[in-house]
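Chemist: Given only the sequences and the hints, what does the whole structure look like? Please build it.
Number of protein chains: 2
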Amino acid sequence: MNDIFNLVDKSKESYINDLIEFLKIPSISSDPKYKNEINRCASWLANHFNSIGIFDTKIIPTAGHPIVFAEYNCKKENAKTVLIYGHYDVQPVDPIDEWIYPPFEPQIQNGKIFARGSSDDKGQLFTHIKAFQAYKEIDDLPINLKFLIEGEEEAAMNNLEPFLRGNRELLECDAILISDTEWFSDDTPSICYSLRGIVFIELTVYGPDRDLHSGSFGGSVDNPIMALSYMISRLKDKYGRVTVPGFYDDVKELDNEEQYEFTKLDFDENKFYSSIGLKYGYGEIGYTTLERIWARPALDINGIWGGYKGEGSKTIIPAKASAKISIRLVPNQKADDIIQKTVSYIKSIAPPTVILEIKQFVGANPVLIDRNSNAIKSAYKAINSAFGRKPVFIREGGSIPIVEQFVHYLHKPIVLMGFGLPGDNIHSPNENFDLNNFIGGIKASACFYNEFSQF
Amino acid sequence: MNDIFNLVDKSKESYINDLIEFLKIPSISSDPKYKNEINRCASWLANHFNSIGIFDTKIIPTAGHPIVFAEYNCKKENAKTVLIYGHYDVQPVDPIDEWIYPPFEPQIQNGKIFARGSSDDKGQLFTHIKAFQAYKEIDDLPINLKFLIEGEEEAAMNNLEPFLRGNRELLECDAILISDTEWFSDDTPSICYSLRGIVFIELTVYGPDRDLHSGSFGGSVDNPIMALSYMISRLKDKYGRVTVPGFYDDVKELDNEEQYEFTKLDFDENKFYSSIGLKYGYGEIGYTTLERIWARPALDINGIWGGYKGEGSKTIIPAKASAKISIRLVPNQKADDIIQKTVSYIKSIAPPTVILEIKQFVGANPVLIDRNSNAIKSAYKAINSAFGRKPVFIREGGSIPIVEQFVHYLHKPIVLMGFGLPGDNIHSPNENFDLNNFIGGIKASACFYNEFSQF
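Going down the list, the protein sequences come from chains F and Y.
Position 393 of the first sequence, counting from 1, maps to 393 under the working numbering, and the rest follow consecutively.
Position 226 of the second sequence, counting from 1, maps to 226 under the working numbering, and the rest follow consecutively.
No lab work stands behind these hints, which were simulated from the structure alone.
Every clue listed holds true.
Copies of the same chain look alike in the list, so a pair counts if it fits in one copy or across any two.
List time: in silico BS3-like cross-link candidates among lysine-lysine, alpha-carbon distance up to 25 Å: (1) Lys334 x Lys314; (2) Lys359 x Lys309; (3) Lys238 x Lys347; (4) Lys347 x Lys236; (5) Lys314 x Lys35.
Modeler: Structure representation (C-alpha cells):
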C-alpha cells in the first residue's frame with residue numbers, strides 16, 4: 001500500500017483539479033430548471049470513468065434523472081466484488097446571498113474546497129474513483145468494482161428503487177461501500193452503523209375561497225395561517241415529545257453498550273450549540289443531545305408560507321396556508337406506519353373552519369447495520385491505515401434512503417465509511433470538504449479494496 | 001328644494017356626461033407611470049370647479065400628488081362652512097382581463113356606470129360638486145363650501161396629513177362631509193358612524209445562525225417555524241379572544257340601542273359566509289357576526305413565511321421565520337397603547353430558544369362619530385328627503401385613515417354619507433356606481449347644504 005499512498009500524495013493536485021471540474025456542474029436535482037445540468041453531470045462522470053480506464057460505463061436513463069453505472073473486473077479469479085454507491089446530484093443553493101464564493105465556482109481556502117456538493121457527495125464519492133485510478137497505476141486490483149452513482153438523492157424522487165428491484169443480478173456483490181457520512185469530529189474517523197429514516201408531509205389548509213379584506217371580515221372568519229399555526233403547535237407536547245398517537249410504539253431503545261459508547265465520545269454540547277449560534281438546545285426530555293439526534297425520532301417544519309410577504313402591509317385574511325413537515329425515524333419505526341399515523345392525527349386536529357389537503361412521501365425506513373461483518377472489519381482496518389487512527393462507531397441523524405433500499409433488495413453487508421467533517425455545511429451555504437480527508441479518503445478506499453479482498 | 005330636485009332630474013344627462021369625462025382620466029396613484037395622468041386629473045378637476053362658478057380654486061403641490069382645493073363663500077352673513085373631502089385618485093386595474101369594459105372607457109349598463117373610480121371615489125365626491133351647481137342655478141347657497149380633494153388615498157403615501165397639520169386655518173369649518181362609504185344593502189341608505197383603526201406588527205423569530213440539516217440536528221434544536229406557530233397559537237384563547245393582557249381594557253361595549261339597531265338590520269349570515277366559500281364563521285364567543293366585524297377588535301395574520309417553499313422537499317431546520325400581523329381596533333382603543341401591549345406580550349411568550357425582531361407601524365386610530373351632532377341630524381334628514389327612506393346607522397370594519405386625521409387635527413363633526421352599494425366592486429374589476437345613487441346623492445348633498453345651514 002505504501003506505493004499507492006505515495007502516488008496519491010504525488011497526484012494530489014491533479015485529483016483536486018478533476019474534482020473541481022465535477023463540482024462546477026450545478027447538478028441540482030430537486031429543481032426541474034436544472035435538468036440539463038443533471039444530464040451534463042452524468043455525462044461528465046461517465047466520460048471520467050472512461051478516462052481512467054473503466055470502459056464498461058453506462059448512462060442509464062430512468063423516469064427521473066439518469067444513473068451512471070461503471071464496472072471494473074480485475075484479473076484475479078473468484079475475486080470479491082464491491083458495489084460502490086454515491087450521488088452526483090446536489091442540494092439547492094438558497095439562500096444564495098450567504099455564500100462567500102459562488103456555489104459552483106469551487107475555491108480552495110485553508111485546506112478546504114468550497115462548493116455545493118463538495119462534501120455531499122461529489123467529493124466523497126470521488127475518493128473511490130481516485131482510489132481505483134491510483135491502485136491501477138501501481139498494480140491490478142485484487143477485487144471487482146461496480147460503481148452505482150445516482151442523480152436523485154437530494155430530491156424527492158425515487159427511480160433508483162425500481163432500478164435496484166429490477167437489476168439484482170447486475171448489482172450482485174459481496175459488500176456495498178458508501179461514503180456519504182461525516183466523522184464524529186475533525187480528528188475522529190468514524191464508521192456509521194445506523195441511519196434515521198424520513199417521511200414527508202405537505203399540508204395545506206384552505207379557508208375562504210379568496211383572500212379577504214381584513215377590515216370587512218376580520219373577527220368573523222378563521223384565519224388559515226392561525227389554523228395552521230394551531231395545528232403545528234399541537235404536534236409536540238411540553239416534554240418535546242411528538243403527540244401523534246402510537247408514534248413511539250416501535251422505537252428500539254439503545255442497549256447499554258451503545259449508550260456507554262455514546263458517553264465515551266468527546267461530545268462538547270456547548271460547542272455543538274454555539275457552533276450554530278444557539279444558547280440552548282431543545283428536544284425530548286430524558287435523552288442526551290446525541291441520543292436525540294441519533295436514536296430518537298424528530299419532527300420538523302421545513303417550510304411555511306401563506307398570504308402576503310412583500311414590502312409593507314396588505315390587509316388580507318389569506319385564502320390558504322401551507323407547511324412542509326419532515327419526520328426522522330429510528331429503528332424499528334416503519335415509514336408507512338408513521339406517515340399513516342401522522343396523517344390521521346393531523347386530520348383529527350384540523351379545525352372545522354378549514355379544509356385540508358395533504359401530500360405525503362415516504363423517504364426511507366431507518367437502518368441498523370451489523371457491526372461484526374467482514375466488510376465493517378475491513379473498513380475499520382483501512383481507516384486506521386489511511387489516517388493513523390482507529391475509527392469510532394457512530395450513528396447518523398440523517399437519512400440515506402438508498403441504504404435502506406440496498407438492505408431491502410440486495411441483502412449484503414453495508415459499510416458507511418464517510419469522510420465528511422462536522423463543519424462541512426452540507427445543505428447550507430458555504431458547503432466545503434477538507435482536502436486532507438479527500439486525500440486520506442482515497443487512501444482508505446484503496447486499503448479497503450485490499451483488505452476486503454483478503455477475507 | 002323641489003326646484004333643485006327638478007333641476008337635478010332635468011340635468012341628469014349633462015351631469016353624467018361630466019362624470020364620464022372625469023372617469024376617463026386614469027388617475028392611478030400607486031403607480032409612478034401614471035404621474036402625468038394624476039396631474040391631468042387634478043387640472044381637469046380645478047377647471048371643472050371654475051366652469052361651475054367656484055373661482056377660488058387651487059392646485060396645491062405636495063411631496064407626492066397634488067391636492068385640489070376649492071372654496072365658495074355665499075352671500076349670507078355668518079354662514080356656516082362645510083368642508084367636503086374626497087379623492088380623485090383611483091386603484092390600479094389588475095387583473096385587467098376580468099373587466100367587461102375597458103376601465104377608463106365608461107359605459108352605462110342597467111342603470112350603472114362602469115369604470116375604475118366610478119364609486120371609489122370620483123362618482124361619490126362628484127355628487128357634492130353637482131349639488132353645488134344645481135343649488136346655485138336656483139338660488140345662492142345658504143352655506144360656505146370648501147372642497148379638499150386629494151390624489152393619494154389609494155396609495156401608500158401620506159402627504160395629506162402634514163397638509164392638515166399645517167393648514168388648520170384654511171380648513172376651518174363647522175362640519176366635514178365625506179362620501180366614500182357604502183350602503184348596508186342595495187335599498188338601505190346608511191350613515192356610517194364608526195370605523196375600526198389598524199396597527200401592524202411584523203415579527204421575525206431567529207433560531208440557529210443558518211439553515212440546519214434536519215437529519216444532523218433534528219430533535220436537538222428548536223425549530224423557528226414551530227416556535228413562531230406556537231407564539232401565533234397563543235395570540236387567541238379558546239373563546240376567540242385576543243390574549244394580550246389589557247387588550248380589551250378600553251373597548252367600548254355597544255350600548256343597548258346600537259345592539260338593537262344591529263339586530264334590526266337585514267343581515268343574512270348564511271349568505272355572508274357562502275359568498276366567501278365558507279361553511280362556518282369563527283370569532284369571539286358572545287358576539288354576533290356584525291358585532292365581531294364592526295364593534296370588536298380583530299387580530300389577523302396577513303402573511304407567514306420561513307424555510308423552503310419550493311418544489312419537492314428540502315430537509316432543513318430554517319434559521320428564521322416571519323409573520324405579518326394586523327390588528328383592527330375599535331373605540332376607544334388607542335393604536336399606540338395596543339401596539340405596545342401586543343409587543344410586550346409577544347416578547348413575554350417568545351421561547352428562550354429564539355431571538356425576536358419586531359417591526360411595528362401605526363395605521364390609524366378607530367373613529368366613533370357622535371350621532372347626535374347637528375351635522376349627522378342634517379344628513380339623516382337629507383337622505384330621507386332625497387331617497388324617500390330613512391337611513392340606518394352602520395359601522396365599518398375597515399379603516400379610513402384620513403377620517404381619523406380629520407378628527408385629530410380639526411375637531412369638527414364628521415359625516416360619512418356614502419352612496420356606494422355592496423356590489424360596486426371597488427378595488428376589483430368592473431367597478432361601477434348606481435346612477436340612481438349618483439342622482440340621489442346629488443339631491444341628498446343639496447339637502448344637506450340646506451339643512452345644516454339652518455342649525
